[in-house]
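Undergrad: Chains as they are written, first to last, in the numbering used here: chain R, 1 to 232; chain G, 1 to 232; chain C, 1 to 232; chain E, 1 to 232.
Each hint should be verified, as a subset may be incorrect.
The list treats identical chains as interchangeable, and a pair is accepted whether it falls inside one copy or across any two copies.
Cross-link-like lysine to any residue pairs, in silico, SDA-like; alpha carbons within 20 Å at most [to be verified]:
hint : residue 1 : residue 2
1    : K79       : A69
2    : K59       : T100
3    : K130      : G97
4    : K130      : A204
5    : K79       : F129
6    : K130      : Q98
7    : K79       : Q207
8    : K130      : L95
9    : K79       : R161
10   : K59       : V140
11   : K130      : G113
12   : K130      : R161
13   : K130      : M112
Because the hints were derived from the structure by calculation, they are not lab data. All values reported here derive from a predicted model rather than from experimental measurement.
There are 4 protein chains.
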Amino acid sequence: MKKPFVSLFLAVPLLFSAVPASAGGGAALHFEPGRSALVVTDPQNDFLREDGKLYGLLKDNLARLDTVANLERLMQAAKAGGYLFAVDPLVYGALDGQWTQAGALQRQLLDMGALRRDAAGGGDFYARFKPYIDDPATVVVAPHKLYGPESNDLIYQLRSRGIDTVVLAGLVANLCVDSHLRALMENGFRVYVVKDAVGAPGEAAYQAALVNFGMIANGVLSTAEAVAALRR
Amino acid sequence: MKKPFVSLFLAVPLLFSAVPASAGGGAALHFEPGRSALVVTDPQNDFLREDGKLYGLLKDNLARLDTVANLERLMQAAKAGGYLFAVDPLVYGALDGQWTQAGALQRQLLDMGALRRDAAGGGDFYARFKPYIDDPATVVVAPHKLYGPESNDLIYQLRSRGIDTVVLAGLVANLCVDSHLRALMENGFRVYVVKDAVGAPGEAAYQAALVNFGMIANGVLSTAEAVAALRR
Amino acid sequence: MKKPFVSLFLAVPLLFSAVPASAGGGAALHFEPGRSALVVTDPQNDFLREDGKLYGLLKDNLARLDTVANLERLMQAAKAGGYLFAVDPLVYGALDGQWTQAGALQRQLLDMGALRRDAAGGGDFYARFKPYIDDPATVVVAPHKLYGPESNDLIYQLRSRGIDTVVLAGLVANLCVDSHLRALMENGFRVYVVKDAVGAPGEAAYQAALVNFGMIANGVLSTAEAVAALRR
Amino acid sequence: MKKPFVSLFLAVPLLFSAVPASAGGGAALHFEPGRSALVVTDPQNDFLREDGKLYGLLKDNLARLDTVANLERLMQAAKAGGYLFAVDPLVYGALDGQWTQAGALQRQLLDMGALRRDAAGGGDFYARFKPYIDDPATVVVAPHKLYGPESNDLIYQLRSRGIDTVVLAGLVANLCVDSHLRALMENGFRVYVVKDAVGAPGEAAYQAALVNFGMIANGVLSTAEAVAALRR
Numbered sequence: 001m002k003k004p005f006v007s008l009f010l011a012v013p014l015l016f017s018a019v020p021a022s023a024g025g026g027a028a029l030h031f032e033p034g035r036s037a038l039v040v041t042d043p044q045n046d047f048l049r050e051d052g053k054l055y056g057l058l059k060d061n062l063a064r065l066d067t068v069a070n071l072e073r074l075m076q077a078a079k080a081g082g083y084l085f086a087v088d089p090l091v092y093g094a095l096d097g098q099w100t101q102a103g104a105l106q107r108q109l110l111d112m113g114a115l116r117r118d119a120a121g122g123g124d125f126y127a128r129f130k131p132y133i134d135d136p137a138t139v140v141v142a143p144h145k146l147y148g149p150e151s152n153d154l155i156y157q158l159r160s161r162g163i164d165t166v167v168l169a170g171l172v173a174n175l176c177v178d179s180h181l182r183a184l185m186e187n188g189f190r191v192y193v194v195k196d197a198v199g200a201p202g203e204a205a206y207q208a209a210l211v212n213f214g215m216i217a218n219g220v221l222s223t224a225e226a227v228a229a230l231r232r
Numbered sequence: 001m002k003k004p005f006v007s008l009f010l011a012v013p014l015l016f017s018a019v020p021a022s023a024g025g026g027a028a029l030h031f032e033p034g035r036s037a038l039v040v041t042d043p044q045n046d047f048l049r050e051d052g053k054l055y056g057l058l059k060d061n062l063a064r065l066d067t068v069a070n071l072e073r074l075m076q077a078a079k080a081g082g083y084l085f086a087v088d089p090l091v092y093g094a095l096d097g098q099w100t101q102a103g104a105l106q107r108q109l110l111d112m113g114a115l116r117r118d119a120a121g122g123g124d125f126y127a128r129f130k131p132y133i134d135d136p137a138t139v140v141v142a143p144h145k146l147y148g149p150e151s152n153d154l155i156y157q158l159r160s161r162g163i164d165t166v167v168l169a170g171l172v173a174n175l176c177v178d179s180h181l182r183a184l185m186e187n188g189f190r191v192y193v194v195k196d197a198v199g200a201p202g203e204a205a206y207q208a209a210l211v212n213f214g215m216i217a218n219g220v221l222s223t224a225e226a227v228a229a230l231r232r
Numbered sequence: 001m002k003k004p005f006v007s008l009f010l011a012v013p014l015l016f017s018a019v020p021a022s023a024g025g026g027a028a029l030h031f032e033p034g035r036s037a038l039v040v041t042d043p044q045n046d047f048l049r050e051d052g053k054l055y056g057l058l059k060d061n062l063a064r065l066d067t068v069a070n071l072e073r074l075m076q077a078a079k080a081g082g083y084l085f086a087v088d089p090l091v092y093g094a095l096d097g098q099w100t101q102a103g104a105l106q107r108q109l110l111d112m113g114a115l116r117r118d119a120a121g122g123g124d125f126y127a128r129f130k131p132y133i134d135d136p137a138t139v140v141v142a143p144h145k146l147y148g149p150e151s152n153d154l155i156y157q158l159r160s161r162g163i164d165t166v167v168l169a170g171l172v173a174n175l176c177v178d179s180h181l182r183a184l185m186e187n188g189f190r191v192y193v194v195k196d197a198v199g200a201p202g203e204a205a206y207q208a209a210l211v212n213f214g215m216i217a218n219g220v221l222s223t224a225e226a227v228a229a230l231r232r
Numbered sequence: 001m002k003k004p005f006v007s008l009f010l011a012v013p014l015l016f017s018a019v020p021a022s023a024g025g026g027a028a029l030h031f032e033p034g035r036s037a038l039v040v041t042d043p044q045n046d047f048l049r050e051d052g053k054l055y056g057l058l059k060d061n062l063a064r065l066d067t068v069a070n071l072e073r074l075m076q077a078a079k080a081g082g083y084l085f086a087v088d089p090l091v092y093g094a095l096d097g098q099w100t101q102a103g104a105l106q107r108q109l110l111d112m113g114a115l116r117r118d119a120a121g122g123g124d125f126y127a128r129f130k131p132y133i134d135d136p137a138t139v140v141v142a143p144h145k146l147y148g149p150e151s152n153d154l155i156y157q158l159r160s161r162g163i164d165t166v167v168l169a170g171l172v173a174n175l176c177v178d179s180h181l182r183a184l185m186e187n188g189f190r191v192y193v194v195k196d197a198v199g200a201p202g203e204a205a206y207q208a209a210l211v212n213f214g215m216i217a218n219g220v221l222s223t224a225e226a227v228a229a230l231r232r
């Protein structure tokens, strides 16, 4: 006889109200500076600035979630609490268009010249976040090239400081955030995703991200919950 | 001035009708035996057999898509065409429950004793697929432990044979299939996902998988399109 | 002006006498159960049993170092101290000979049928170690396929238990032990190699291993030093 | 009965004279532009310029092998033959000294301020190589952080262009070159090391590198052999 099993699979809508700040039960979630870090993916102009090449696709979701303000709240809380803040950008270089194996959307991004560090500044960091990113204690890792951190130094930078828990937010919810979630967890990190400090290209993509965050992550938090847990 | 840009981001519903069998345009998709492989994730009893621990969650989607028959069609086509067929199961061992960092659903799977190679046989291969899996030319890689192939020999087995293109199908659409898609592409593989040879725990999870497949993969195919492309 | 610099590069011979049990200075080395594990590579018949396919190449070095007894001392100390003991074998399967990219020695090993789990038992664990390996608390990871743990679950098994420090020993010193050292450190583990609980195919290969262990590792220990540090 | 076996293990000294330019037998080695790349690790001032922080340790070996001239010959041959040339530097950033898990030599390099992109220029590319490195067709990947390419985009850049074979040279023979050799081969690349276009901190370290190159790589070439094979 199978045990009764209230599945995350079926309980996805329930899950998002039911998951407490702590992944495991009644106790409040506890982050420890020195073992936990805030990781933000792709906080760059092409996603966030009004003239950004991808802003038009994200703006409704960004506005509904209040993503930019929430990301700033997370950065402030991480700095105030003495946590490592690591930024993991997506930047394409001059030769990256040569990739013969590029995936569907990646090919479009390459062809449209998105996320480059050129005069247009689409790959540069969004101005409002610069005080936190330029802080000398912030770790800015090398750009990733597809959606996850498999080809940059994020995991090395975290592991080399004894960090095993990540509070994860940024752009794009179902692409780079989801890929970072998966890759970090395949490496044995505990990962908590901040569901209103992300942005997605439309509601279907946002719902896709939520479904996966809920099943995969150690926990799914609101910014308010994450900030509270970083304050301890 | 930005160039006009019909985005995959916005065009997701359109995308699934619009993407031809070939990723790139008018020409029909061309797989080459020796460079391409069929990879199937998790073709195991706990997902597919009526008494499987997770079958109840998947059965509606499996029935609607005709997943089992489609997976068998793919296996037949791969064998008939002389392609490598690689199987990548998810199996938990006796000590895996010790993982202190396990994610939400992974913790549930561990606690409920799913996907074990024990007397109940939930981790064993589904009987209908055994003729293809037991074929001496089939590569059965070591089990993965979370959802992707980061911790097993799948990528090594493919790369060591000169394979750079994967036709991907199996269980569970938004978890192991999506994680394999992402991890293989982070390694530079071309990946084509077969959208009706997967299975998901409900329509929301299936839609989540489709959104991500469409943006990330090199192409999203029906079984009929994949079989045709494997026949060449 | 450059600071004076007594280099590990130049000080290799000195290093091996000078390195204390602790990596860092005067204090004795401190391993913590729960954060540290003993990892042994390739404790298998083809390397260690008199009729093993590779034994003839290793036997002088094994005898000089007293490797088998030292490995047993480490296993006993790990078990007595409550440390995780993880075994990482090298096993080739029936189809692995297909690898078109195999390296020089790997090709020879494949062609000679070494390290297989067949009737000859060359890939099976060496009998003297079985009481420790068969202990239900021992983690036996999936076989690696070249020399390092990149394609198996070793790192996942360690990270998922919160382990960040490895005491490393086993066969072959300059191949699998060195590759495990490098791969574990690339993942941010602290690694201490036990220099007399390894075995090499001749003195030149052993010296090669010592040179690299000394430069790369967090520390190089004798079995006596490692056992003392595991006892705390 | 064991088959007769002339082992690479025992035949290491023999190996280096016996290995032909082709890995496998009588036929001359054949590189294909489009599938093969030249990868050079760490061609930087701290290793190669007279005032470099590590130059003193390497200079005898560099002089004996004529490493700088050989590296230039390889770069010329790669460019002339239409091969991808990828450069993989080792650079430390301002915060990298925080790594609590740093290995023995890595700790020394961090503490002495080696390989930084600062006014001293130790981490900058060696002037004689700049014409090849500054060529717009050259791929300069993100810096690695320990010794191998696990934490940068080298493998992604190669795989995304369909490259499966690497001609490998650079600094330091037994550290970054050996680590790149191992990591590339764990990913299924064929790797040919150019034994006189490397540099080591002393003869023991160079011999250590040669022992490992001979056992692990697909082939060990002289610069003359590599240049000939790149010319085809």
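Undergrad: It remains to establish, for every hint, whether it holds in the given structure.
TA: Do the hints match the structure? See the list:
In the homo-oligomer, the alpha carbons of K79 and A69 lie at most 20 Å apart inside one protomer (15 Å), although the nearest pairing across protomers, at 49 Å, exceeds that limit. Proximity of K59 and T100 under a CA criterion of 20 Å is satisfied in neither setting, with 31 Å inside one chain copy and 38 Å between copies. Within a single copy, K130 and G97 get their C-alpha atoms no closer than 28 Å, and across copies no closer than 23 Å, so neither meets the 20 Å cut-off. Taking CA atoms no more than 20 Å apart as the test, K130 paired with A204 passes in neither setting, with 30 Å inside one copy and 37 Å between copies.
When the C-alpha separation of K79 and F129 is checked against a cutoff of 20 Å, the pair qualifies only within one copy, where the shortest distance is 12 Å, while the shortest distance between copies is 42 Å. In this assembly of identical chains, the alpha carbons of K130 and Q98 never lie at most 20 Å apart, being 31 Å within a copy and 22 Å across copies at closest. Taking CA atoms no more than 20 Å apart as the test, K79 paired with Q207 passes in neither setting, with 30 Å inside one copy and 38 Å between copies. For the identical chains of this complex, K130 and L95 are inter-copy neighbours only, at 18 Å across copies versus 27 Å inside a copy, given an alpha-carbon limit of 20 Å.
Only within a single protomer do K79 and R161 lie at most 20 Å apart by alpha-carbon distance; the minimum there is 16 Å, versus 28 Å between protomers. Neither within a single protomer nor between protomers do K59 and V140 lie at most 20 Å apart by alpha-carbon distance, with minima of 25 Å and 34 Å respectively. In the homo-oligomer, the alpha carbons of K130 and G113 never lie at most 20 Å apart, since the shortest distance is 23 Å inside one protomer and 27 Å across protomers. With identical chains, the CA atoms of K130 and R161 are never at most 20 Å apart, being 23 Å at best within one copy and 34 Å at best between copies.
In this assembly of identical chains, the alpha carbons of K130 and M112 never lie at most 20 Å apart, being 25 Å within a copy and 30 Å across copies at closest.
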